[in-house]
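With the hints as constraints, model all of the structure from the sequences given.
Each chain, letter by letter, is given below.
Protein chains: 2
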Amino acid sequence: MKNKILALLLLTSSFIQAQEALFSGQQVSSPQVHEDHSVTFRLMAPGAESVQVTGDFLPSVKVKTPMGEADGPGKADLEKDEKGIWSFTTEALAPELYNYAFIIDGFKTTDPANPFLIRDVASVMNIFIVPGEQADLYRVQDVPHGTVASRWYDAQDLGFDRKLSIYTPPGYEQSDDEYPVLYLLHGAGGDEEAWLSLGRTAQIMDNLIAEGKAKPMLVVMPNGNVGQDAAPGAGSDGYYTPQFMTPETMNGKYEAQFMDIVDFVEDNYRIKADKANRAIAGLSMGGYHSLQISRFYPNAFDYVGLFSAAIMPREDKSGKGVYADFEETLKAQKDNGYKLYWIAIGESDFLYEANMEYRELLDKIGMPYEYTESEGGHIWRNWRVYLSEFVPLLFQD
Amino acid sequence: MKNKILALLLLTSSFIQAQEALFSGQQVSSPQVHEDHSVTFRLMAPGAESVQVTGDFLPSVKVKTPMGEADGPGKADLEKDEKGIWSFTTEALAPELYNYAFIIDGFKTTDPANPFLIRDVASVMNIFIVPGEQADLYRVQDVPHGTVASRWYDAQDLGFDRKLSIYTPPGYEQSDDEYPVLYLLHGAGGDEEAWLSLGRTAQIMDNLIAEGKAKPMLVVMPNGNVGQDAAPGAGSDGYYTPQFMTPETMNGKYEAQFMDIVDFVEDNYRIKADKANRAIAGLSMGGYHSLQISRFYPNAFDYVGLFSAAIMPREDKSGKGVYADFEETLKAQKDNGYKLYWIAIGESDFLYEANMEYRELLDKIGMPYEYTESEGGHIWRNWRVYLSEFVPLLFQD
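Going down the list, the sequences are from chains A and B.
Numbered per this note's numbering, the first sequence spans residues 1 to 397.
Numbered per this note's numbering, the second sequence spans residues 1 to 397.
FYI, nobody ran anything at the bench for these hints, they're computed from the structure.
Remember, predicted model here, so these are calculated numbers, not experimental data.
Heads up, a few of these hints could be off.
[Unchecked claim] The calculated DSBU-like cross-link candidates involving lysine-lysine, where the alpha carbons are at most 35 Å apart (straight line), are:
hint	chain 1	residue 1	chain 2	residue 2
1	A	80	B	108
2	A	75	B	83
3	A	83	B	108
4	A	108	B	320
5	B	108	A	64
6	B	62	A	83
7	B	80	A	108
8	B	108	A	108
9	B	80	A	80
10	B	80	A	64
11	B	272	B	320
12	B	64	A	80
13	A	62	B	83
14	A	108	B	272
15	B	108	A	75
16	A	83	B	80
17	B	108	A	62
18	B	80	A	75
19	A	64	B	83
20	A	108	B	334
21	B	75	A	83
22	B	75	A	80
23	B	320	A	272
This is the structure we're talking about:
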């Protein structure tokens, strides 16, 4: 039997790595989520002098930065047993999708026992889910699943093909119905993959639709960096180190060309192509984009969502005056009417003040909006929650 | 200007990690592919006592395993400079997609400067591409791109929904044409993601079609592990450590239910639903599956590709006698006729003898096939080459 298993091991291309893992005793289980929602991290590293785990499940600590103190992820020490296996068990954790890394003798790295990682800009972090409550929206459950497609469109205003991600709801392909559309925009350093990987959009949509809490809809996730054709590694620029700010992300060009994306979707999918069936929302830079696009095209969207929006003055290089006449176009948007203008931000977000000022402007011009304030700062945990609160409000009549 | 950049950094959720990277001097470039195709690896690790790089770009070395000596990836030592940056530069490398890892004081880990990784079973490896020749097929080039969809189908024989990946060629959505289909099957430990990530199938198809070397076709990449609904982490089993052999991967059940997949594709896509426009191919276990499926349904596929096929006797638990009447069904397949039966294997593959014996059987019963022998063993490098050689032979009349 053992020989049979060994022979089967040979079937993989990871042959040698596999054997190293199998026979060097590296096969620890990490992370292990226990029934009581405590979590054990383990690392086989007999030669290490210190091992720590750092991640967003630990209480944050103050760290010094050139801009002053800021909140950083906490750290916890692992303890070594006689076999050289380091381990640390948390207290019971609240349901959530968490990320973490190990720090081995001061060197921050991934957990070799956990093949599940998510890239956030240029960092790659391990992830795990503590189930229950809100976090069950992030799990793949036994419900009907939508389709996720990675597709290229002709960005006519920009002159080259660009990639976007698109979620079509369960039953879309078998149906003759027409569907509404949510345009969902990423933040600085993100791309068309971010809402799917970090934001768990497909899982949230599948689960909300299965629970009857959201209408079946398409979710279009474009790439907001108009200088690139696709996410780092997925486009013609090949592999390179992603940057937070790519050129021309917040200078009006993206907003000016946005209707090319809407036209592409309306030409290629079976949807209801009118204002009542169009929503636009985004996080951080994507919230800024959503604000500007819905203002510059003031009669295009009945639903607008600003998640921790990066509201700040920016230089206009669109050639189309996208950022001009700010208040006038907002008033036009108000006069044209809409069903929902939804603003959400965390109480410790560094953009809190900017959002407060923007709300004061909206109050001044009498533009109605709904406002949600959460705990925490400028983090994906909040954006997943905002998405799952926003989506049930869409297209309900 | 500096403050402006720092302020923009705050826009990302990776805030603290980013600052650590920015201000701790961790910002080395790695790997750097030079004009002359040499490659430099760099790691900032002032406290480390030894750093090595291991990967498939280095000459393989003999390693001891419980089954005897085998080929393993070589290792090279990095040297430390006065700033604590370790580096190693290769000789000029042949064009290829390579993988690697660092070994820091004996601990194997990923390269923190390279966010591009691919999972192979339970291992995650960094990757890079040395451009030119064959490797240009693996790059995202400025050519028309097909769509890649991740979609669920009702696996009626198995009783639950399962995920598959599907590539539709450039122009599919705008066309009224009907297309042929290649069913492309993964190996043991793989899943519906393997041919896309490790096999670069979308890039190979886009580039071959753009060069006029391949007909536009759909490529359907199902999940061959009938005990799971989707890839590890992408299905209802959540996150767990992937195994090489999942239960019920090679016991006939997958082969028996395969026509559920064909029916789903033919019901849901605009394709030519006949034998002349159906191809099936796979690597290792997927080659075995392709052999068995095309034999058990002996009048369904005009094109069959066995890439390093895992030809071995297996217990039949299909309940449908999939593995019975082996020679008789092969003879039926021969008598029904087909256009191409293509076998490829590396000269040092551990399955070389098994494939030789199978060819002798085919010779004995007079069943025609084409045979290609390459250098090397049971590795993805070969399977990418086999795919790019096989696809141009399909649907040419």
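We went through each hint and held it up to the structure:
1. 80/A with 108/B: 18 Å, holds
2. 75/A with 83/B: Holds: residue 75/A and residue 83/B sit about 26 Å apart, inside 35 Å.
3. 83/A with 108/B: With a Cα-Cα distance of about 18 Å, the restraint between residue 83/A and residue 108/B holds, given a limit of 35 Å.
4. 108/A with 320/B: 52 Å, violated
5. 108/B with 64/A: Distance ~31 Å between residue 108/B and residue 64/A Cα, so the pair holds.
6. 62/B with 83/A: 28 Å, holds
7. 80/B with 108/A: 18 Å, holds
8. 108/B with 108/A: 13 Å, holds
9. 80/B with 80/A: Between residue 80/B and residue 80/A the Cα gap is close to 29 Å, so the pair holds against 35 Å.
10. 80/B with 64/A: 28 Å, holds
11. 272/B with 320/B: Since the Cα atoms of residue 272/B and residue 320/B sit roughly 28 Å apart, the hinted pair holds (cutoff 35 Å).
12. 64/B with 80/A: Distance ~28 Å between residue 64/B and residue 80/A Cα, so the pair holds.
13. 62/A with 83/B: With Cα atoms ~28 Å apart, residue 62/A and residue 83/B stay inside 35 Å; holds.
14. 108/A with 272/B: The given pair, whose Cα atoms are some 52 Å apart, is violated under the 35 Å limit.
15. 108/B with 75/A: 22 Å, holds
16. 83/A with 80/B: Status holds; Cα separation ~31 Å.
17. 108/B with 62/A: 31 Å, holds
18. 80/B with 75/A: It holds: about 28 Å lies between the C-alpha atoms, which stays within 35 Å.
19. 64/A with 83/B: Holds: residue 64/A and residue 83/B sit about 23 Å apart, inside 35 Å.
20. 108/A with 334/B: 58 Å, violated
21. 75/B with 83/A: 26 Å, holds
22. 75/B with 80/A: Holds, because 28 Å separates the two Cα atoms, which is no more than 35 Å.
23. 320/B with 272/A: Since the Cα atoms of residue 320/B and residue 272/A sit roughly 47 Å apart, the hinted pair is violated (cutoff 35 Å).
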